[in-house]
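S.K.: Top to bottom, those sequences are chains S and X.
According to this note's numbering, the residues represented by the first sequence are 1 to 148, in order.
According to this note's numbering, the residues represented by the second sequence are 149 to 557, in order.
In short, the hints are calculated from the structure, not lab data.
Because the structure is a prediction, the values reported are computed rather than measured.
Hints may contain errors.
Said to hold, decoys possible - Pairs of lysine to aspartate or glutamate, EDC-like flavour, derived with a Cα cap of 16 Å: (1) X:553 - S:86; (2) X:520 - S:44; (3) S:122 - X:502; (4) S:30 - S:16; (5) S:142 - S:89; (6) S:24 - S:58; (7) X:223 - X:439; (8) S:79 - S:113; (9) S:93 - S:110.
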Amino acid sequence: MTEVALNSLYQQLILEHYRSPRNKGELPEKTVEIHMANPVCGDEIRLQLRIEGGRIEEAKFVGQGCSISQAAVSMLTSKLEGRSLDDAEGLAKRFTDMMHGDEEAAKDRDLGDLRALAGVSKFPVRIKCALLGFDALQEALKETTGDE
Amino acid sequence: MSFDAEVVRREFPTLDQTVHGKPLVYLDSAATSQKPRVVIDALSDYYEHGNANVHRGIHELSRRATVAYEAAREKVANWINAVDPSELVWTKGTTEAINLVATSWGLDNLGEGDEILLTVMEHHANLVPWQIIAGRTGATLRYIELDDQGRLVLDDLDSVLTDRTKLVAVTHVSNALGTINPIERIAEATHAAGALLLVDGAQGAVHTKVDVQSLGADFYVFSGHKMCGPTGIGALWARKDLLEAMSPYQGGGEMIQFVHRDHSTWADVPHKFEAGTPNIAGAIGLGAAVDFLGEIGMDAIVAHERELLAYAVERLEAIDGFRLFGPTALSERSAVASFVMGDAHPHDISTILDAEGVAVRAGHHCAQLVMKHFEVAATARASFYLYNTTDDVDRLVDALGVVRKIFTA
Chain S
1 MTEVALNSLY QQLILEHYRS PRNKGELPEK TVEIHMANPV CGDEIRLQLR IEGGRIEEAK
61 FVGQGCSISQ AAVSMLTSKL EGRSLDDAEG LAKRFTDMMH GDEEAAKDRD LGDLRALAGV
121 SKFPVRIKCA LLGFDALQEA LKETTGDE
Chain X
149 MSFDAEVVRR EFPTLDQTVH GKPLVYLDSA ATSQKPRVVI DALSDYYEHG NANVHRGIHE
209 LSRRATVAYE AAREKVANWI NAVDPSELVW TKGTTEAINL VATSWGLDNL GEGDEILLTV
269 MEHHANLVPW QIIAGRTGAT LRYIELDDQG RLVLDDLDSV LTDRTKLVAV THVSNALGTI
329 NPIERIAEAT HAAGALLLVD GAQGAVHTKV DVQSLGADFY VFSGHKMCGP TGIGALWARK
389 DLLEAMSPYQ GGGEMIQFVH RDHSTWADVP HKFEAGTPNI AGAIGLGAAV DFLGEIGMDA
449 IVAHERELLA YAVERLEAID GFRLFGPTAL SERSAVASFV MGDAHPHDIS TILDAEGVAV
509 RAGHHCAQLV MKHFEVAATA RASFYLYNTT DDVDRLVDAL GVVRKIFTA
């Protein structure tokens, strides 16, 4: 690899979410909570969802870590409200595809702010940072469907 | 001949390359050092011309391999001023050496009510084996705490050490902070309490001139790959009588004298602890590494690292928002700068530095207790070695300027 594009990684939108994360805090009415950590780097989140009637009514998180992991989970929580479980699953899949370099997935407008993270796919060692929240989401969905 | 880092640097082929289009600045030697040409040559020469198993054959190649392998042991034993080469047991590295002591010495000598004294500064390699052995023997773990400069709190050492203390395990130099510990003082107190002292020399053997006869440790363990040698080779040093009294670590070929149906007798030390075909090439490579370091001279290397550290600390501390961990007195620390900067997470710092061609480590440095002590999840760590120059420090400082630009924009 020759020169890498730091600009594509550290976009203003990402840094803005890192500094002022959305939906950060405890969700007392949560129906599911998943703790995900990357022991290698210490990134850590607890994703809390209130799921009622097969729909995500509220999403919050508590966590600490690098700008990529924290911005990604901040963006994620702001895209979850009102989504059906299948819909949320689809979102997680498209984002994961985007992280693995799928350019079609990166064009999906439904990803919203999350598209700003497309550049992470060029930094292989950082992809797991971006996926931390999504791994938690998929785990939460699995746990919820298993309960029903 | 006076020391010239620019000249030394040319001996390390890995350093002569670009990364992401920029000349590489390698500041991660505390994780593993680069290898000089002579070490790489020693490895390929062994495999091209000398490869055979050791202590087994009558044929010429086997004889040559055995001579080279044992000559390397002698070189490395001399390097740390051991009384005799038989005091030096080859291991995969520091981690295996500690596990060897924990298992061989620990299982025989520890029991309910006994205490192992560790420090909050330890690398996981000098914590987890003791946790495992404490679990198996019923021994208790106790800790020496850190002060706000990341130094061991030793004021109450005499009361922390009791007649229950059987072993003290402490690092010579902290990999996460750079703190150099007063081993002689700890050894004196440990022995006064009737306990043994294990010193983790993974960093200490790299950045200090080790003399096991004056240091006072009962076990000194270190890795080859951090001191210009290959990976997969390291050593345990202990006094011969101590090694002789210990049970074997692993069973197999090489470590036996006679094998019967129901029991076996052991080979003499150090071979008693070296079951199976050893890392012959690795040992020969480490021998070449200490020859290389010996020619330059440890005094010159330490002096160069001190100068570089002083320059680095001065330049780094001038950066807005830069927070350096570890002792403020440079005489109490080795050439490691562990830091955080503003609200830029260490992983972001490391990614940005990498894009600028500067390799540093980010994370907990296998020292999660140190991170907890300072209430940080991670730090970035720039570590310096004999081949680093003031230019490398300047490149680091410039690259940190890019971090600032991105994170304060």
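S.K.: So, for every hint listed, does it hold in this structure?
M.R.: Results for each hint:
Under the criterion of a C-alpha separation no larger than 16 Å, the hint pairing residue 553 of chain X with residue 86 of chain S is inconsistent with the structure, at around 41 Å. Simply put, residue 520 of chain X and residue 44 of chain S have alpha-carbon atoms about 15 Å apart, close enough for the 16 Å limit, and the pair holds. With a CA separation close to 13 Å, the supplied pair residue 122 of chain S and residue 502 of chain X stays within the 16 Å bound. Among the hinted pairs, residue 30 of chain S with residue 16 of chain S is inconsistent with the structure: their alpha-carbon atoms are about 26 Å apart, more than 16 Å.
Restraint check for residue 142 of chain S and residue 89 of chain S: the C-alpha separation of about 10 Å stays at or below 16 Å, so the hint holds. A threshold of 16 Å between alpha carbons decides the hint, and for residue 24 of chain S with residue 58 of chain S the separation of about 12 Å falls inside it, so the pair holds. Using a Cα cut-off of 16 Å, the hinted pair residue 223 of chain X and residue 439 of chain X holds, with the two alpha carbons roughly 8 Å apart. For the suggested pair residue 79 of chain S and residue 113 of chain S, the alpha carbons sit about 9 Å apart, so the restraint of at most 16 Å is met.
Using a Cα cut-off of 16 Å, the hinted pair residue 93 of chain S and residue 110 of chain S holds, with the two alpha carbons roughly 12 Å apart.
Hint compliance for this structure: hints 1 and 4 are not met, and every other hint is.
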